[in-house]
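Peer 1: For the record, the sequence lines run as chains Y and W.
Mind the numbering: the first sequence is residues 1 to 324 in the numbering used here, read in order.
Mind the numbering: the second sequence is residues 325 to 548 in the numbering used here, read in order.
I should point out that these hints are in silico values taken from the structure, not numbers from a laboratory.
Mixed in with the good hints there might be a few duds.
Said to hold, decoys possible - Here's a subset of chain W near chain Y, in silico, CB distances under 7 Å, partners left out: (1) GLY480; (2) SER487; (3) GLY494; (4) MET497; (5) GLY498; (6) ILE501.
Claimed, not checked - Label-pair restraints from in silico Cβ distances: (7) Y:SER308 with W:VAL451: 22 to 32 Å; (8) Y:SER50 with W:MET474: 50 to 60 Å; (9) W:GLU400 with Y:SER50: 51 to 61 Å.
Every residue gets a Cβ at the ideal spot worked out from N, C-alpha and C, and that includes glycine.
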Amino acid sequence: MDFDIETWVKVAAFAGGGIAMGFGAIGAAIGEGFTAAEANEAISRNPGESGDIFKTMLVGQAIAESASIFALVIAMILLFTDFNANSVVTVSVLFAAGLSMGLGAIGSGVGSGFPAGAACKGMSRQPKISGRLTTNMLIGSAVCQTPAIFALVTSFILLFTNFTGRPVSPTWAAILGAGLASGLGAIGSGLGGGLVAGASCDGISRQPLAATPVTNVMLLGQAVTQTTAIYGLLVSFILMFKTFPATDLLAPPMALLAAGLCMGIGAIGPGVGEGFTARSAVEGIAKNEAATADLTRVMLVGQAVAESTGIYALVVALVLIFVV
Amino acid sequence: MGDLGRLHQLIVPFFGHNMTFNIEPIIMTWIVMTILILFGFLASRKKSLLPGPLQVVGELFVAQLYGLADDALDKELSKKYAPLICALFMFLVLSNWLGIIPHLEEPTKDLNTPLSLGLMGFVIAHVAGIRVKGLKKYISAYFEPMFFMMPLNLIGELAKVVSIAFRLFGNIMGGSIIILVVSYLTYSVILPPFLNAFFGLFVGTIQAFVFTMLTVVYISVQVK
Numbered sequence: 001m002d003f004d005i006e007t008w009v010k011v012a013a014f015a016g017g018g019i020a021m022g023f024g025a026i027g028a029a030i031g032e033g034f035t036a037a038e039a040n041e042a043i044s045r046n047p048g049e050s051g052d053i054f055k056t057m058l059v060g061q062a063i064a065e066s067a068s069i070f071a072l073v074i075a076m077i078l079l080f081t082d083f084n085a086n087s088v089v090t091v092s093v094l095f096a097a098g099l100s101m102g103l104g105a106i107g108s109g110v111g112s113g114f115p116a117g118a119a120c121k122g123m124s125r126q127p128k129i130s131g132r133l134t135t136n137m138l139i140g141s142a143v144c145q146t147p148a149i150f151a152l153v154t155s156f157i158l159l160f161t162n163f164t165g166r167p168v169s170p171t172w173a174a175i176l177g178a179g180l181a182s183g184l185g186a187i188g189s190g191l192g193g194g195l196v197a198g199a200s201c202d203g204i205s206r207q208p209l210a211a212t213p214v215t216n217v218m219l220l221g222q223a224v225t226q227t228t229a230i231y232g233l234l235v236s237f238i239l240m241f242k243t244f245p246a247t248d249l250l251a252p253p254m255a256l257l258a259a260g261l262c263m264g265i266g267a268i269g270p271g272v273g274e275g276f277t278a279r280s281a282v283e284g285i286a287k288n289e290a291a292t293a294d295l296t297r298v299m300l301v302g303q304a305v306a307e308s309t310g311i312y313a314l315v316v317a318l319v320l321i322f323v324v
Numbered sequence: 325m326g327d328l329g330r331l332h333q334l335i336v337p338f339f340g341h342n343m344t345f346n347i348e349p350i351i352m353t354w355i356v357m358t359i360l361i362l363f364g365f366l367a368s369r370k371k372s373l374l375p376g377p378l379q380v381v382g383e384l385f386v387a388q389l390y391g392l393a394d395d396a397l398d399k400e401l402s403k404k405y406a407p408l409i410c411a412l413f414m415f416l417v418l419s420n421w422l423g424i425i426p427h428l429e430e431p432t433k434d435l436n437t438p439l440s441l442g443l444m445g446f447v448i449a450h451v452a453g454i455r456v457k458g459l460k461k462y463i464s465a466y467f468e469p470m471f472f473m474m475p476l477n478l479i480g481e482l483a484k485v486v487s488i489a490f491r492l493f494g495n496i497m498g499g500s501i502i503i504l505v506v507s508y509l510t511y512s513v514i515l516p517p518f519l520n521a522f523f524g525l526f527v528g529t530i531q532a533f534v535f536t537m538l539t540v541v542y543i544s545v546q547v548k
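Only chain Y is shown next, with the shape it has when bound in the complex:
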């Protein structure tokens, strides 16, 4: 058995496909299980609404699964496409595409389970507003998928960009770093966005009159929660599209890999933390609509402070790319 470059490209495609679908299956399964658990609890509370609750559970689970389906698409492409470029960069590209999509699907999968569960529970509490709750759940879950979509964009750009002509030595590390930055970076934001959307479905079921400000602030909170995932996307774009000079040393490639890792891991915490902030703000607005303006302002300032560690990670990643 000899390991020539064609074999390595195949190995990377298979490993990438496995990683994409393996990691990609984690989040959606947890989210869907949570939804089903909440639906069971809701039906036990109000068995008369079991038909509506069952339907909402299925719709919510279908949306929570979309992150996993993105991972399935990437895994299928990796497994069934013939990649006949024979360079070490291709090996790294295939592996990074799998990593990005697999890791990126975790957060959004778990996150979009929360609004679906809260919507089921809310329906048992307030059967009359099931239409408004379903709309809110759909909007919240769709925005929850944004980080997974960013990871998907990175994977596709990796797979369909022509990297021939780039020097092998730092490029392989830059590409791996790009995959890690958007993949890991999507975890926290997906989870945090789900917390916000869940709280808003809960809030609407408690106080249907406050539905409009609750949905608006939910969208705002989710959007700000996604900021660190966007930094991850930004760093991976820089790593993918900048041409780095060839080098024989080990240090420059490692700096690029570290930039991706730094941004990816650094984005997890702020994403979840900002989700907590926005969740409480949304809960507060449902309880006391008159305080919407104050709650929104404090939420934005709190999120900005929680995000500062994500900005430190961005600064360090940019220093690693451009300075070191």
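Could you slot chain W onto chain Y? The hints should help.
Peer 2: Same frame as chain Y, now just chain W:
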């Protein structure tokens, strides 16, 4: 699949520099602008107490978005910026919906469109901040809570432009890539219309609204 990421560019030499024009987004932007101007003309041509269908749609947009501006800004500023907010939302919504028509594509799929709109919002927000608070108070806001936080505050402000632009771009681009790839894998059977409805109409509307609301919030944060 071959046309993924292919772009027609017009490169014009200009005093030693090359100016690059992405032709498709420009044409699509002009189409959106034409439709919007036509819509505005037709909706307001025969204004009456008993509104026609186009006037109803126009009034719906204006009333909702003026309300959004009223919630975030005080009366005087809201009157000033509400037309901008309204125009921004209508442009973005129509841009994001354009992709569901075959042979047309979303101008927001090109990073240049969201980035320039984000920059526009950034400049407007900061000019409004300087006008309302005065230059001294505006600058001193960067030195809070401690003077050495200035570089990080500055990066935080610039990162807002990046985040607002990439959020729209990533969602629209991701949606169109998914539609393209799934259509290719399933030989365009059954699935594409549903995907177009979800990513084009639903996600497109949500993201247009998020972009608009963030622009309003950026202005309101600066003026307070």
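Peer 1: Now, for every hint given, state plainly whether the structure supports it.
Peer 2: Evaluated hints:
1. GLY480: With a minimum Cβ separation of about 6 Å from chain Y (threshold 7 Å), the hint on W:GLY480 holds.
2. SER487: holds, 4 Å
3. GLY494: With Cβ-Cβ at 5 Å, under 7 Å, it holds.
4. MET497: holds, 6 Å
5. GLY498: Since the shortest Cβ distance to chain Y is 4 Å, the answer is holds.
6. ILE501: Check passed: Cβ of W:ILE501 comes within 5 Å of chain Y, closer than 7 Å.
7. Y:SER308 with W:VAL451: 22 to 32 Å: holds, 26 Å
8. Y:SER50 with W:MET474: 50 to 60 Å: Given about 58 Å between the Cβ atoms, the range holds.
9. W:GLU400 with Y:SER50: 51 to 61 Å: holds, 53 Å
Violated hints are absent here; each numbered hint is respected by the structure.
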